[in-house]
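Trainee: For reference, the chains in residue letters:
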Amino acid sequence: MSKFRSNGKREMPELNTSSLPDLIFTVLFFFMMVTSMREVEVKVDCKIPTGGSEIEKLERKSLVSHIYIGPPSKTWRPIYGPSPRIQLNDKFAETNAIREFVIAERESMYEHDKPLMKMSLKIDKDTQMGIITDVKQELRKAKALNIVYSATKEDKKK
Amino acid sequence: MAKGKRKVPGLNQSSTADISFILLIFFLVTTSMDTDSGLARRLPEWDPDAVEQELKIKERNVMTVSVNKFNEIHVKNGVMSRQIEISELKDIAKEFIANPEDNASLPIKEEYEIPDFKTVVTTIKHVISLQTDRVTNYEVYFQVQHELSRAYSELRDEWTRQTFRKKYDDCTDDEKAFARGMYSTKISEAEPKQYGTQGL
Numbered sequence: 179m180s181k182f183r184s185n186g187k188r189e190m191p192e193l194n195t196s197s198l199p200d201l202i203f204t205v206l207f208f209f210m211m212v213t214s215m216r217e218v219e220v221k222v223d224c225k226i227p228t229g230g231s232e233i234e235k236l237e238r239k240s241l242v243s244h245i246y247i248g249p250p251s252k253t254w255r256p257i258y259g260p261s262p263r264i265q266l267n268d269k270f271a272e273t274n275a276i277r278e279f280v281i282a283e284r285e286s287m288y289e290h291d292k293p294l295m296k297m298s299l300k301i302d303k304d305t306q307m308g309i310i311t312d313v314k315q316e317l318r319k320a321k322a323l324n325i326v327y328s329a330t331k332e333d334k335k336k
Numbered sequence: 014m015a016k017g018k019r020k021v022p023g024l025n026q027s028s029t030a031d032i033s034f035i036l037l038i039f040f041l042v043t044t045s046m047d048t049d050s051g052l053a054r055r056l057p058e059w060d061p062d063a064v065e066q067e068l069k070i071k072e073r074n075v076m077t078v079s080v081n082k083f084n085e086i087h088v089k090n091g092v093m094s095r096q097i098e099i100s101e102l103k104d105i106a107k108e109f110i111a112n113p114e115d116n117a118s119l120p121i122k123e124e125y126e127i128p129d130f131k132t133v134v135t136t137i138k139h140v141i142s143l144q145t146d147r148v149t150n151y152e153v154y155f156q157v158q159h160e161l162s163r164a165y166s167e168l169r170d171e172w173t174r175q176t177f178r179k180k181y182d183d184c185t186d187d188e189k190a191f192a193r194g195m196y197s198t199k200i201s202e203a204e205p206k207q208y209g210t211q212g213l
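Chains as they are written, first to last, in this note's numbering: chain G, 179 to 336; chain S, 14 to 213.
Worth flagging that the hints you see were computed from the coordinates, not collected in a lab. Note that CB positions come from ideal geometry on N, CA and C, so glycine has one too. Check each hint, because a few of them may be wrong.
Derived SDA-like pairs (lysine to any residue); straight-line CA-CA distance at most 20 Å [to be verified]:
hint	chain 1	residue 1	chain 2	residue 2
1	G	K321	S	E58
2	G	K303	S	I86
3	G	K321	S	R54
4	S	K103	G	E232
5	G	K235	S	T185
6	S	K82	G	V313
7	G	K331	S	S166
Residues from chain G that keep clear of chain S, each with C-beta distances beyond 10 Å, as calculated [said to hold, decoys possible]:
hint	residue
8	P260
9	L266
10	A271
11	E285
12	Y327
Next comes chain G alone, as it looks inside the complex:
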């Protein structure tokens, strides 16, 4: 006889789940904060290059506009061919559309943010420089001088 022995059936006490909604709400709010809905469908294949220590993170996404350059992805290849194209917002564009794009992007920003505008160039690794130089010249003419060569950071462990 031991006093630790319980008498009869032991029942598992039911868990109190009343705080479960709160828990899930917390996680929900976290995701609501960090989420940014993808506004554009990327129509080009874009494998951006990898860099090392010099790659900086871009802060303040509202300041950043994207220009994609690369060969059209599979669904679009039959129409546009395999050579690299420029994508602005949702559609393929020619270099002469860049200036309007920059102006439109600039218009959508707050006045005090306008000089801080950054153009993020997402360019496929295997693109040739010709098209990139053309884009850069257009950006200079449109006075969008802050550019970022988009790249992923490779962590080198020494």
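Mind docking chain S on chain G? Use the hints.
Mentor: Relative to chain G, chain S alone:
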């Protein structure tokens, strides 16, 4: 006649968890946490007369890094032009920018007053000119840019270690600005060569 106090029956809240789960899953699916990162650069102002200005820079102050259509990297300082590997570029650039031995063929060292700090002797007039062909591969170009960036960062880091006895990363914003004044990034991306009738 109602009798006394009426109690509001407690709501059944067992489905709140399910509702928030659905919302949670929706945001989980739509979220894209890809933080953008990249190599920041500033383009020069658009100025049709810029080509003439470049000619005024003395030869010893210019290092030309050119990537040709075979993706080979050539470095030219003065009259000497040689082909190098990408791994050599950083050290060559560092020597060019800092000119530690005051070599006569490397950039001239002059007194320069870092704003709000002190006067230093540095190669304030140096320019690295980056030239590419229209068929150069972007990745090679990117790596060249990256190596040049590294050269500047390492020089700044060495300088802050000497001057403030700490790493560049640990410096205050002001000290970082001084380091950037000491070795300011001067990469000129040459105007593209003109082909045929394509006007700019």
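Trainee: Give a verdict on every hint.
Mentor: Now the hints, each set against the structure:
Taking the CA atoms of K321(G) and E58(S), the gap is about 7 Å. The hint holds against a cut of 20 Å. In summary, the hint linking K303(G) to I86(S) is supported, as the alpha carbons are separated by about 17 Å, within the 20 Å threshold. With a CA separation close to 14 Å, the supplied pair K321(G) and R54(S) stays within the 20 Å bound. A C-alpha spacing of about 13 Å is found between K103(S) and E232(G), which places the hinted pair at or below 20 Å, so the restraint holds.
With a C-alpha separation of about 19 Å, the suggested pair K235(G) and T185(S) falls inside the 20 Å cut-off, and the hint holds. Restraint check for K82(S) and V313(G): satisfied, since their Cα atoms lie roughly 19 Å apart, inside the 20 Å limit. Among the hinted pairs, K331(G) with S166(S) is consistent with the structure: their alpha-carbon atoms are about 16 Å apart, no more than 20 Å. In this structure P260(G) is separated from chain S by more than 10 Å, as the shortest Cβ-Cβ distance comes to about 16 Å.
With a closest Cβ-Cβ approach of about 17 Å to chain S, L266(G) is found to remain outside the 10 Å limit, as its non-interface label requires. Its beta-carbon lying about 18 Å from the closest one in chain S, A271(G) satisfies the requirement of being farther than 10 Å from that chain. With 10 Å as the threshold on Cβ separation, the claim that E285(G) sits away from chain S holds: the shortest Cβ distance comes to roughly 20 Å. Remark: the non-interface label on Y327(G) conflicts with the geometry, its nearest Cβ contact in chain S lying 4 Å away (cut-off 10 Å).
Taken one by one, the earlier hints fail for this structure only at number 12.
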